[in-house]
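K.L.:
Once you've looked at the hints, dock chain B against the given chain A.
Number of protein chains: 2
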Amino acid sequence: MAEFKLIDRFRQRNKVQRKDVLQGIGDDCARVEMPQGYELAITSDTLCEGVHFPQGTSAHAIGYKALAVNLSDLAAMGAQPSWVTLALTLPQHNARWLDDFAEGFFTLAERHNVQLIGGDTTQGPLSITVQAHGFIPAGKAITRSGAKPGDYICVTGTLGQAGLELLKLNGGIQRKTPYNRLNYPEPRIEAGIALREIASAAIDVSDGLIADLGHILDAGQVGARVVLEELPLSVTMMQDQDPAKMLELALTAGDDYEICFTMAEEHIDAANDLQKELNLPIKHIGNIEEAPGLRIHRKEGVPLEISSGGYEHFSEKKNARGK
Amino acid sequence: MAEFKLIDRFRQRNKVQRKDVLQGIGDDCARVEMPQGYELAITSDTLCEGVHFPQGTSAHAIGYKALAVNLSDLAAMGAQPSWVTLALTLPQHNARWLDDFAEGFFTLAERHNVQLIGGDTTQGPLSITVQAHGFIPAGKAITRSGAKPGDYICVTGTLGQAGLELLKLNGGIQRKTPYNRLNYPEPRIEAGIALREIASAAIDVSDGLIADLGHILDAGQVGARVVLEELPLSVTMMQDQDPAKMLELALTAGDDYEICFTMAEEHIDAANDLQKELNLPIKHIGNIEEAPGLRIHRKEGVPLEISSGGYEHFSEKKNARGK
Chain A
269 MAEFKLIDRF
279 RQRNKVQRKD
289 VLQGIGDDCA
299 RVEMPQGYEL
309 AITSDTLCEG
319 VHFPQGTSAH
329 AIGYKALAVN
339 LSDLAAMGAQ
349 PSWVTLALTL
359 PQHNARWLDD
369 FAEGFFTLAE
379 RHNVQLIGGD
389 TTQGPLSITV
399 QAHGFIPAGK
409 AITRSGAKPG
419 DYICVTGTLG
429 QAGLELLKLN
439 GGIQRKTPYN
449 RLNYPEPRIE
459 AGIALREIAS
469 AAIDVSDGLI
479 ADLGHILDAG
489 QVGARVVLEE
499 LPLSVTMMQD
509 QDPAKMLELA
519 LTAGDDYEIC
529 FTMAEEHIDA
539 ANDLQKELNL
549 PIKHIGNIEE
559 APGLRIHRKE
569 GVPLEISSGG
579 YEHFSEKKNA
589 RGK
Chain B
269 MAEFKLIDRF
279 RQRNKVQRKD
289 VLQGIGDDCA
299 RVEMPQGYEL
309 AITSDTLCEG
319 VHFPQGTSAH
329 AIGYKALAVN
339 LSDLAAMGAQ
349 PSWVTLALTL
359 PQHNARWLDD
369 FAEGFFTLAE
379 RHNVQLIGGD
389 TTQGPLSITV
399 QAHGFIPAGK
409 AITRSGAKPG
419 DYICVTGTLG
429 QAGLELLKLN
439 GGIQRKTPYN
449 RLNYPEPRIE
459 AGIALREIAS
469 AAIDVSDGLI
479 ADLGHILDAG
489 QVGARVVLEE
499 LPLSVTMMQD
509 QDPAKMLELA
519 LTAGDDYEIC
529 FTMAEEHIDA
539 ANDLQKELNL
549 PIKHIGNIEE
559 APGLRIHRKE
569 GVPLEISSGG
579 YEHFSEKKNA
589 RGK
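Line by line, the protein sequences are chains A and B. Reading the first sequence from the start, the letters are residues 269 to 591 in my numbering. Reading the second sequence from the start, the letters are residues 269 to 591 in my numbering.
Simulated from the structure, these hints should not be mistaken for lab results. Hints should not be assumed to be uniformly reliable.
Since the list can't tell identical chains apart, any single copy or any two copies may satisfy a pair.
Claimed, not checked - Here are the simulated DSS-like pairs of lysine-lysine, each with C-alpha atoms no more than 30 angstroms apart in a straight line:
hint: 1; residue 1: K513; residue 2: K551
hint: 2; residue 1: K513; residue 2: K436
hint: 3; residue 1: K416; residue 2: K287
hint: 4; residue 1: K287; residue 2: K436
hint: 5; residue 1: K408; residue 2: K287
hint: 6; residue 1: K551; residue 2: K436
hint: 7; residue 1: K544; residue 2: K408
hint: 8; residue 1: K544; residue 2: K436
So that you can see chain A by itself, here it is in the shape it has in the complex (with noise of 0.2 angstroms):
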């Protein structure tokens, strides 16, 4: 493979210049800069073609979800994004492609001011991996660990239409729309670094928010009670003929990269604030408890019997993307 052809094809589309950067693609090493009483987070993720989007998702749309979904993380946390690196095995040149997936992974870039300052380009089977890396100003970061009972679990935007957009593509359902939301999910970057000050725990809605939620209730060793009337649905989804189904997704599907959060009763003020700033709808779905485990209720109060089985269990068995 013609790796420094790629590497110069790459180098010609990344267009952000951060001043941060000493130096980018075209050495052994990027080297860069950090501001001052700032921590840097770090992530990544890799997307393989099968596993992680169909086979016969657009170029364009692989190179968004890459970055995106590595934005996601860095926003999960409270991160402003800085430097990405892109490690692209390929099956073969394909010049149309390379220009496609470019376009839309730097389109995102570009919409973050991320640099990509380096990485790598192999021969094999499709597969992406990014790294991305952000600031957090010193003790600032939301991990995961910081719930407790009586905290609010809220998440931001809608959960499930993503889940929904791959079961329409699994079962050929014809769109005339694009699968916006599985595709292009949107990274909730400034919410994230808005939650800093509010939030007790974060996560991102990757894996479905029963699993994800499971996360911030393992790390900090607390329950929840969860409304499933609570859980907020796309106006595309309630069109949709069967309710049961739409929730069973909204709890249950991932790809959705929304925020969830936790935050002590005190901060709801600032999160009614937050969500007409950023004109992002945040839904107070339940709350956390001292008892462990995750416990998903009617609004009448009956408990579901998905719940009965653990989350983790049903997790396992209903999760869309077979992870």
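P.N.:
Here is chain B on its own, set in the frame of chain A:
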């Protein structure tokens, strides 16, 4: 794939605990802090089966080499390694394979006090992407671009040994000893750090001397003259029957991961001291010249035929790794 179990397995084997790692594996991101007055060097390399290591390579060697090639990039810039992430794509869950891989990876990580702080595990064709971070005192990085006419061109250790091993392996020649150089290259970390004060330019020899020295020449817009008989061969290689073949390997074979660097003449004494201090040969193989291009001569001054086609062409034709 039982991703969390895999992560747990690695977390347990990860014995390095650095004070600058605020949060390691287990949250949305790792969090680290930088010492003041330093730059951060970042590099990322992918190894794919059948491309970067032959099928049948032991898991231990793959784990070692995946880290070694990245540390080698840090070494070539004069960086002190600190943190790494690992994106591991595996065809299936194989506990024995994973244990061996981890043993190879962490043995080297411990030797250089490098902490694994995150990563991702996915199911798919075997592929390993490591990203490595390291510190360089501000302004002390060794780039590829500083070579000046008159500078000495030097290499650490010996060249061609990994290429010879690959040749024998591909030829089906059984060896009693393992392929130590091909599978277990030594990243020249200590040398790289010491060279901050000496070298005008540096690169690690991953694709072969002609190709990699070529990058130094391109970056510095200079040329070079190299004397063939000065290339440092290992004792093992010199025992081989065909000296011409050995020199060809020393020129063109990759995977040795020695450092090729340039320095002003005034640093000869310092370089001599350094090779004693590190117990690592440093060999003067030629000099930088103003006229572009790489000229390879025999001692008596007759230019080699191979240089007439330009090093790039030659490199592409002969590189043993098929890259």
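K.L.:
Look at each hint and say if it fits the structure.
P.N.:
The hints, checked one at a time:
Only within a single protomer do K513 and K551 lie at most 30 angstroms apart by alpha-carbon distance; the minimum there is 20 angstroms, versus 70 angstroms between protomers. In this assembly of identical chains, K513 and K436 lie within 30 angstroms of each other by CA distance solely inside one copy; the values are 13 angstroms within and 60 angstroms between copies. Proximity of K416 to K287 under the C-alpha cut-off of 30 angstroms is restricted to the inter-copy arrangement: shortest distance 27 angstroms between copies versus 40 angstroms within a copy. Taking the shortest Cα distances, K287 and K436 never come within 30 angstroms of each other, neither inside one copy (44 angstroms) nor across copies (48 angstroms).
Within a single copy, K408 and K287 get their C-alpha atoms as close as 24 angstroms, and across copies as close as 18 angstroms, so both meet the 30 angstroms cut-off. With identical chains, the CA atoms of K551 and K436 are at most 30 angstroms apart within one copy only, with a shortest distance of 26 angstroms there and 64 angstroms across copies. With identical chains, the CA atoms of K544 and K408 are at most 30 angstroms apart within one copy only, with a shortest distance of 23 angstroms there and 48 angstroms across copies. Taking identical chains as interchangeable, the C-alpha atoms of K544 and K436 are never at most 30 angstroms apart, the minima being 32 angstroms within one chain and 68 angstroms between chains.
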